[in-house]
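Once you've looked at the hints, dock chains B, C, D, E and F against the given chain A.
6 protein chains.
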Amino acid sequence: MHIRIINPNTTAAFTRRCVTGAQEVAATGTRISGGTSAFGVASVECHSDEALATAGVIDQIRRGEAEGVDGYVIACFGDTGLDAAREMAKGPVVGMSEAALYAAALIAPLFSIITLPLRTRIFAERVLWHAGLERRCPRVRAIDVPVLDCEDSPAAMLEPLLAESRLALDQDHAEAIILGCAGLQLVGPASAALGVPVIDGVSAAVKQLEGLLSLGLATSKRGQWATPPRPVPMRRPGD
Amino acid sequence: MHIRIINPNTTAAFTRRCVTGAQEVAATGTRISGGTSAFGVASVECHSDEALATAGVIDQIRRGEAEGVDGYVIACFGDTGLDAAREMAKGPVVGMSEAALYAAALIAPLFSIITLPLRTRIFAERVLWHAGLERRCPRVRAIDVPVLDCEDSPAAMLEPLLAESRLALDQDHAEAIILGCAGLQLVGPASAALGVPVIDGVSAAVKQLEGLLSLGLATSKRGQWATPPRPVPMRRPGD
Amino acid sequence: MHIRIINPNTTAAFTRRCVTGAQEVAATGTRISGGTSAFGVASVECHSDEALATAGVIDQIRRGEAEGVDGYVIACFGDTGLDAAREMAKGPVVGMSEAALYAAALIAPLFSIITLPLRTRIFAERVLWHAGLERRCPRVRAIDVPVLDCEDSPAAMLEPLLAESRLALDQDHAEAIILGCAGLQLVGPASAALGVPVIDGVSAAVKQLEGLLSLGLATSKRGQWATPPRPVPMRRPGD
Amino acid sequence: MHIRIINPNTTAAFTRRCVTGAQEVAATGTRISGGTSAFGVASVECHSDEALATAGVIDQIRRGEAEGVDGYVIACFGDTGLDAAREMAKGPVVGMSEAALYAAALIAPLFSIITLPLRTRIFAERVLWHAGLERRCPRVRAIDVPVLDCEDSPAAMLEPLLAESRLALDQDHAEAIILGCAGLQLVGPASAALGVPVIDGVSAAVKQLEGLLSLGLATSKRGQWATPPRPVPMRRPGD
Amino acid sequence: MHIRIINPNTTAAFTRRCVTGAQEVAATGTRISGGTSAFGVASVECHSDEALATAGVIDQIRRGEAEGVDGYVIACFGDTGLDAAREMAKGPVVGMSEAALYAAALIAPLFSIITLPLRTRIFAERVLWHAGLERRCPRVRAIDVPVLDCEDSPAAMLEPLLAESRLALDQDHAEAIILGCAGLQLVGPASAALGVPVIDGVSAAVKQLEGLLSLGLATSKRGQWATPPRPVPMRRPGD
Amino acid sequence: MHIRIINPNTTAAFTRRCVTGAQEVAATGTRISGGTSAFGVASVECHSDEALATAGVIDQIRRGEAEGVDGYVIACFGDTGLDAAREMAKGPVVGMSEAALYAAALIAPLFSIITLPLRTRIFAERVLWHAGLERRCPRVRAIDVPVLDCEDSPAAMLEPLLAESRLALDQDHAEAIILGCAGLQLVGPASAALGVPVIDGVSAAVKQLEGLLSLGLATSKRGQWATPPRPVPMRRPGD
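Chains as they are written, first to last, in numbering that gives the first Met the number 0: chain A, 0 to 238; chain B, 0 to 238; chain C, 0 to 238; chain D, 0 to 238; chain E, 0 to 238; chain F, 0 to 238.
If you're looking for bench data, these hints aren't it; they were derived computationally from the structure.
You can trust all of the hints, since none of them are fake.
Given that identical chains are not distinguished, each listed pair holds provided it fits within a single copy or across any two copies.
Straight line, CA to CA, 20 Å or less: simulated EDC-like cross-link-like pairs of lysine to aspartate or glutamate:
| hint | residue 1 | residue 2 |
| --- | --- | --- |
| 1 | K89 | D58 |
| 2 | K220 | D143 |
| 3 | K89 | D69 |
| 4 | K220 | D69 |
| 5 | K220 | D169 |
| 6 | K220 | D171 |
Here the structure is a predicted model, which means the values were calculated and not measured.
Next comes chain A alone, as it looks inside the complex (with noise of 0.2 Å):
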């Protein structure tokens, strides 16, 4: 079972933490592979970031498609490219968002969304919409730090995110913490200092996409995720 963590900014750094904590909970027999843009941005921060980054996302599912890769995790807050991955890949696809959102629905009845920077927090609003889980996460928190800081040394994010998080505890009665960001490893830090679960989407989407290949599930391809219906072209802007 072949699955890649696909990145979809083009920080080779950030693939490779992201593919480490992969290796970390992947089952024996697991292939773990990354792929980064080749073409893009460095970080995903706005929308008009994600708009690139989700051209970087089709190529790198019309890369792993040629390798045979299973299944991929998109490994970005917010599921940046989900829809059109879906769309592209016959096996299964899985967000970093929405895989920590189940994974938190099942062990807790009120959760909260710490991510960075604060304007991002309008992706964690629309994966929560889609994933139909607003009622369960009240308010979305942000530490406001551009994320490339955070990339370059997520040990220095600690102690902002348990500020941030003992906030949620108190005053939105949140009962579990999802990191808003890829690649931080700051789960074992964090849970041990307050005391509920810690989820990272990353670890989540990896095991959610285990579970879906071995019932041998995939996406559906009658409706809206399938196929597209013509090739869709990659043309390089001006040739």
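Positioned in the frame of chain A, the structure of chains B, C, D, E and F alone reads:
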């Protein structure tokens, strides 16, 4: 990793079918055992049945905890006793209905539940609300036969199931089908006949539970699924 | 017209307080009797309690039907066992929580529930969803004390109740207060102190039940609250 | 206890029918009187009618307050002028539509409104939103006849009502029927023919109002239904 | 193209301010005229006011239709009498509140309404429901002063408006501000001080109405805003 | 005032039809220009198309900003790339779908979207959610033909459009029809044949954009549609 399949009713044949199905999809290293309620009802077809079956579920969790079971699957559509089971168990508990819904949400924008009998649609509606996926499952359909008939000869359910599923695909634009009853063993023939994914909740729950366990995630004990504040008695009526 | 106040727990002192309160508001010609569960839990503070208490409610309905009771009030916030009671009884059944909500909706655009203890807020949320009144009650508040403390000395609850109610009036713009526990007997002093309507659910339920009975209305037996399809057993664990 | 049945239109025959119906269900000791608007419209069939009828309702409340009336029922489907009436009256005011909805919610998980004429479905939708019960009444149905035809010979409405109700039971899974017009006097024959509860809103409102009055509950005067900040004029056009 | 600004209250100074504001934004070729209600209330601050003011709106529409007015703007927050006006007019009618909401939705993901006085928040909530934009405006705020104070000296409203708006920006993450009262003439100073778009509903409504008129679009006369089935009388109370 | 009609696809004939339609409704003094994507897809029929087309939209905005364009219309049902365009442009951006919805909401309580092809209903649902108007458009209908067929001969679409619209009027109680595709040029014959308003989104968007521009309103740059935090690259795949 020891997973217990909890059949909330007292019909052992039904437990056996669920355990067999669970073993077929379990990972290497997962031990699957089954539990049948020692008291309660032969099948869960109304709210009164559900209340009595929940007492049986609590009793099964108590025994499972004593035996060192790691996690539990509730094998009854409607997820009988799920909240109580989560309070009583240290490890994670996954309901077959919520598991089916989350699996469906990962592979189809719109899906349908085909349940039985008609009056149990109210359980499906409650599960959809709990999971937040009402919008993704615009209509619950039912084959109006008693649950035990279906337990006696699940194969006889195939034709009615296909007929109702085809209505769901054509009229409700469903793109995947959820079997609204445990132990039907119809995933193979139904998905072949319909050409869309067909989801069995017990299988889906086993995989999601394996995922939670391998991530070290369990029910949050802060808040609304915390351990009961006092020992929960299991006195017998009239004692 | 014979109305039975069903106390879903096993604490007889609590039943007596509810019956007294019901008698004070009952119409001439209404006979009020009380029922205490013969088994189950001393108070309902979690889902496990609720499941066991529901078995007691079913048992009480069975006895009530044999005695010719005309209608039932469920005297526990959260309306423990309401669906099952409706299936088992020929006549109407009204929950104290839903009754309080509908009374509040008739006299205030926005209202708050003050429940206890904190973890039972999840019951209040479920009742709000069932009644459809989430929008009218934007926030459930709780005084975090065990239910039995409050049963021992309801008067000691007055100050904490007033404090939390004032927060509801000021911060949530509530215009009426619902007491989120049966048998508190604090309507008089609380409404005097707060200057807004304060609603006791058991009283409200008695009046709504009298109304249904005098209109000849009872639970619809077509569909989801119909009489159980088979006799509901009441076997004891281990028998 | 003096209850005034407010007919928001100017058709006295209609008032008489509503008063008769109210008297049949009123408790011993309840005095029922009726009010017909001195100006406005002969029946309420559109928003413009509703606006003019509301002025008549305000006028009736003013007179009722002068006469010492204890509480009011608004006897028109759509609850014409209900918010204004609540501002103007010291005692409680109950609309026939909301009363019917809350009564239905106590006896059936799903119910339908059969209103008339077709264009007044928009009033039923507004009432459902106000009461929060959209989910419990998935479809409003209508018999497309003018209101006054129905007032002239309510009995002639029986067959069309039964036909539309049967569609509601079969296609919408309704389990109870709400008559979407005051004064129809068809509860007896309709419930006998359909085998499910049929609810008349005026009767339901009388009982709920009696309940509020006997509990000492009245419209909260803190907030959005408070007494108008200045005297509300009743100047005539052109004066 | 002749647009009538309908002031639903009887205060002519207020009409003049609205007309002035409308003329400033009207296109070349648009004729703006104003209407003041001949009867009703001096300002609309509660439901009773609103009901009486709606009769004045109907009267104004009647006169406008006789004069050949092409379209109407309702210049009162809450869109007093909008449904009735749509029934009575052949051409399109736009409410200042809905126009402000739709303009805000085109330029900001989240926005706030600052209304006055406090008790009129209920009108804002109704308009949000009607327009469907509750999710985009998570909190309605109010400056608690009487409307007429504000009409006397709108400039004195600036500081309280800025203070409440800053709370909206900081606490509710609003990204634009809607003035919840007509005729405030504070768009310039407020948007300069706040650094976000500030929207006046009357101006927005004029532009949307010009748009509808130039597209040849008018209220659909099929269905719920159709011409009243019978002539709507305008009898005076007591005639 | 210079408005650019952005056709997100690469089909110039389609741009020309949209520009022609826009010019017909533009105000005197409005300059309309059109833009065709230099790369991407020939039509937008799935999520993958949409992602690639969004890159083209960003490219067009970049060019438009350099040329001093004042505001933009996105001329594709689904409002391809709208969020990104709003981030990139200083002036306002209006999507044809949201514009159509808001225009419809001003003239009809209930309306329908007739889109094409079937699989793009998911875009319409997303736009409805974004605009908040799900309740007002209870059902999206589709004519299942490829978009380019329709672009080749829009007139051939008339009969299927009328057929589907009549179903919307009769079965869904729609009171206005929204054309779910740009450039159809069928408003005249369709509204004549149906007798209800028929709305073209590009025309509606031009008028709403003119309105925003004349009010001096542009996208709020505080928050979630703010200018991207770093320059958005437009690197070519493989460079």
